[in-house]
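Sequences are here, hints too, so could you generate the full structure?
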Amino acid sequence: MVTKRIQFYSVISLLAIFTAPTTSATNRVPRFETTRMKSTGGAGVASLLLDEATYLNPATIAYYKNSSLYFQKSGLEATQTNSNSTQEFDSMSIIASDAKGLTGGSLSYNTIDYRGQNIKRFSSAFGRPIGEKSSFGVNLSYSKEKVYNESGELVEQDFKQTTFGVAHAISESVTMGVVVYDPFKDKENDTLAVSGMQYVYKGFVSLMFDIGADYNRNLSDTLVWRAATQLKLFNDFFLRFGTFDDKGKMEKGNGAGIGWIQPKLVIELAIQNLDVLEDQSMNQEAEEIKETSFSLSYRF
Numbered sequence: 098m099v100t101k102r103i104q105f106y107s108v109i110s111l112l113a114i115f116t117a118p119t120t121s122a123t124n125r126v127p128r129f130e131t132t133r134m135k136s137t138g139g140a141g142v143a144s145l146l147l148d149e150a151t152y153l154n155p156a157t158i159a160y161y162k163n164s165s166l167y168f169q170k171s172g173l174e175a176t177q178t179n180s181n182s183t184q185e186f187d188s189m190s191i192i193a194s195d196a197k198g199l200t201g202g203s204l205s206y207n208t209i210d211y212r213g214q215n216i217k218r219f220s221s222a223f224g225r226p227i228g229e230k231s232s233f234g235v236n237l238s239y240s241k242e243k244v245y246n247e248s249g250e251l252v253e254q255d256f257k258q259t260t261f262g263v264a265h266a267i268s269e270s271v272t273m274g275v276v277v278y279d280p281f282k283d284k285e286n287d288t289l290a291v292s293g294m295q296y297v298y299k300g301f302v303s304l305m306f307d308i309g310a311d312y313n314r315n316l317s318d319t320l321v322w323r324a325a326t327q328l329k330l331f332n333d334f335f336l337r338f339g340t341f342d343d344k345g346k347m348e349k350g351n352g353a354g355i356g357w358i359q360p361k362l363v364i365e366l367a368i369q370n371l372d373v374l375e376d377q378s379m380n381q382e383a384e385e386i387k388e389t390s391f392s393l394s395y396r397f
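Here this note's numbering is used: the first residue of the sequence shown is 98, the next is one more, and so on.
Any given hint could be a false lead.
[To be verified] Beta-carbon label-pair distances, calculated as ranges:
{"id": "1", "residue 1": "Tyr298", "residue 2": "Gly249", "range": "41 to 51 Å"}
{"id": "2", "residue 1": "Gln254", "residue 2": "Glu185", "range": "38 to 48 Å"}
{"id": "3", "residue 1": "Ile364", "residue 2": "Gly198", "range": "26 to 36 Å"}
{"id": "4", "residue 1": "Phe334", "residue 2": "Phe397", "range": "15 to 25 Å"}
{"id": "5", "residue 1": "Ser182", "residue 2": "Leu362", "range": "34 to 44 Å"}
[As the list claims (entries may be wrong)] Below are the DMTMM-like pairs computed for lysine to aspartate or glutamate, each with C-alpha atoms no more than 20 Å apart in a straight line:
{"id": "6", "residue 1": "Lys284", "residue 2": "Glu242"}
{"id": "7", "residue 1": "Lys217", "residue 2": "Glu242"}
{"id": "8", "residue 1": "Lys243", "residue 2": "Asp311"}
{"id": "9", "residue 1": "Lys346", "residue 2": "Asp311"}
{"id": "10", "residue 1": "Lys243", "residue 2": "Asp210"}
{"id": "11", "residue 1": "Lys346", "residue 2": "Glu242"}
{"id": "12", "residue 1": "Lys282", "residue 2": "Glu242"}
{"id": "13", "residue 1": "Lys243", "residue 2": "Asp255"}
{"id": "14", "residue 1": "Lys346", "residue 2": "Asp287"}
{"id": "15", "residue 1": "Lys241", "residue 2": "Asp195"}
{"id": "16", "residue 1": "Lys387", "residue 2": "Asp210"}
{"id": "17", "residue 1": "Lys241", "residue 2": "Glu285"}
{"id": "18", "residue 1": "Lys344", "residue 2": "Asp255"}
{"id": "19", "residue 1": "Lys170", "residue 2": "Glu229"}
{"id": "20", "residue 1": "Lys299", "residue 2": "Asp333"}
{"id": "21", "residue 1": "Lys241", "residue 2": "Asp311"}
{"id": "22", "residue 1": "Lys349", "residue 2": "Glu375"}
{"id": "23", "residue 1": "Lys230", "residue 2": "Asp187"}
{"id": "24", "residue 1": "Lys230", "residue 2": "Asp210"}
{"id": "25", "residue 1": "Lys346", "residue 2": "Glu269"}
{"id": "26", "residue 1": "Lys217", "residue 2": "Glu185"}
{"id": "27", "residue 1": "Lys243", "residue 2": "Asp333"}
{"id": "28", "residue 1": "Lys197", "residue 2": "Glu247"}
{"id": "29", "residue 1": "Lys349", "residue 2": "Asp287"}
{"id": "30", "residue 1": "Lys344", "residue 2": "Glu247"}
The hints are simulated quantities; they were obtained by calculation from the structure and are not laboratory data. All C-beta atoms, glycine included, are put in the ideal place defined by N, C-alpha and C.
In structure tokens form, the structure reads like this:
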């Protein structure tokens, strides 16, 4: 009798385990970055860049007087630390820029697939001089997402966001930049203000540093910093290294890459390692993401 009773309770316990509700982590989709940004760990708010203006600082497009067509393809290998399971994903970006007029502008399209989720992003950026050495820019984007919410349900949503940026060239060697992402709070917990500086030594070594936080939340809890170095080799090759730490998203990592820059053609290769840290409040599990990226830009 005792044996049967024990067996009965054992069966009940097993049923409770298998039928109990489970929660799965809903790691966010990695953010869009150009190949160059992946090599610098995302740093470069103060760098005067053309193709990256739609991601980093829309004001920097005003420093150019040419046009550009940009294509990028990236592959991601994501490994969940707890289960040690690995999956492969990919992303693609297209950017068309025209800075020949007084006001420069760009249009971009990005798409990424990640763990059953998908994001498509359409964006337009504009930059205009506001002084002899300063410029102002704005980025308007529309995103269509199929992502997991905090409850682990796959939902479809779309929203618009605005980004403002300012760039200032103190001298030929020192530039500064400030960017405010999503100030109108179109997406929850996506507000961020970042300031950056770049120093170029004799055209050979470039040092970049960005720091910021979400000013609508505790600054120390959302602090993000990025640092990078660029070395010029053989007049047309550039070697880059970068690292970053984002407390707000509980992510950190590093990147490296090389760029071959010609008057009309720019080819970039980069590798980025991203460590997603476990956080129960964000329903986020530990994960390692290795990403390789290739881009081609034609300028005219």
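- Task: Starting from the hint 26 to 36 Å, judge whether the C-beta atoms of Ile364 and Gly198 obey it.
- Result: Since the Cβ atoms of Ile364 and Gly198 sit about 27 Å apart, the hinted range of 26 to 36 Å holds.
- Message: Lys241 and Asp311 were given as a pair; does the straight-line alpha-carbon distance stay at or below 20 Å?
- Response: violated (23 Å)
- Outcome for the supplied range 34 to 44 Å, where the beta carbon pair is Ser182 and Leu362: For Ser182 and Leu362 the Cβ distance comes to about 40 Å; the hint holds.
- Message: Lys346 and Asp287 were given as a pair; does the straight-line alpha-carbon distance stay at or below 20 Å?
- Response: holds (10 Å)
- Query: Is 15 to 25 Å right for how far apart the beta carbons of Phe334 and Phe397 are?
  - Reply: For Phe334 and Phe397 the Cβ distance comes to about 22 Å; the hint holds.
- Query: Are the Cα positions of Lys282 and Glu242 separated by 20 Å at most?
  - Reply: holds (17 Å)
- Query: For the pair supplied as a hint, Lys387 and Asp210, is the alpha-carbon distance within the 20 Å limit?
  - Reply: holds (15 Å)
- Restraint check for Lys349 with Asp287, where alpha carbons must lie at most 20 Å apart: holds (17 Å)
- Query: Given the proposed pairing of Lys243 with Asp255, does the C-alpha separation stay at or below 20 Å?
  - Reply: holds (9 Å)
- Item | Lys243 paired with Asp311 [C-alpha distance capped at 20 Å] | violated (25 Å)
- Message: Against the 20 Å threshold, does the CA-CA distance of Lys217 and Glu242 hold or violate the hint?
- Response: Distance of about 6 Å is within 20 Å: holds.
- Query: Taking only the CA atoms, is the gap from Lys299 to Asp333 under or equal to 20 Å?
  - Reply: With Cα atoms ~15 Å apart, Lys299 and Asp333 stay inside 20 Å; holds.
Hint violations for this structure: numbers 2, 8, 15, 18, 19, 21, 23, 24, 25, 27, 28, all remaining hints satisfied.
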